[in-house]
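Remember, the numbering used here sits 8 above the position in the sequence shown when you count from 1.
There may be inaccurate statements among the hints.
Just the calculated beta-carbon pair ranges, DEER-fashion [to be verified]:
id : residue 1 : residue 2 : range
1  : Q13       : P40       : 17 to 23 Å
2  : Y79       : Y28       : 22 to 28 Å
3  : V65       : Q14       : 29 to 35 Å
4  : A17       : L67       : 21 to 27 Å
5  : Y79       : F26       : 22 to 28 Å
6  : R11       : S104      : 35 to 41 Å
7  : L78       : P40       : 14 to 20 Å
Hints were generated in silico from the structure; no laboratory data involved. Ideal Cβ positions, reconstructed from N, Cα and C, are used throughout, including at glycine.
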Amino acid sequence: MNRTQQYLAATLALTLPFLYLHTWNPFSVNGPHFLSFYILLSLVVYVFPVTRKLSFVLLILGIARIIQGLYNGKPVLYLLLLVVLNIILTLSINASIWKTQRSSKE
Numbered sequence: 009m010n011r012t013q014q015y016l017a018a019t020l021a022l023t024l025p026f027l028y029l030h031t032w033n034p035f036s037v038n039g040p041h042f043l044s045f046y047i048l049l050s051l052v053v054y055v056f057p058v059t060r061k062l063s064f065v066l067l068i069l070g071i072a073r074i075i076q077g078l079y080n081g082k083p084v085l086y087l088l089l090l091v092v093l094n095i096i097l098t099l100s101i102n103a104s105i106w107k108t109q110r111s112s113k114e
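Construct all of the structure, not just a fragment, from the sequences and the given hints.
Okay, structure coming up:
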């Protein structure tokens, strides 16, 4: 698979969570719909190596929704757990990438 095909596949996969919501604005949905959107987007980000750089954007989106939920008095425990899981995955994947790069330099 060449680079163009990877980018095309990643772009199509990134649009799937938005098509599931029937909207392009993830802040317009709430509750279980946003949680399913967040899980789908997390899976897409970590499955495709091209989209792994978007994990920081995913964290920002989750933190923004946590703040919005706290401000509106909504329960945010499930989203908080997903964001913590996202942080752990990001750190572990980046650590393995850094370790691989460091060992290849030696």
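Checked against the structure, which of the hints given earlier come out wrong? 1, 3 and 6
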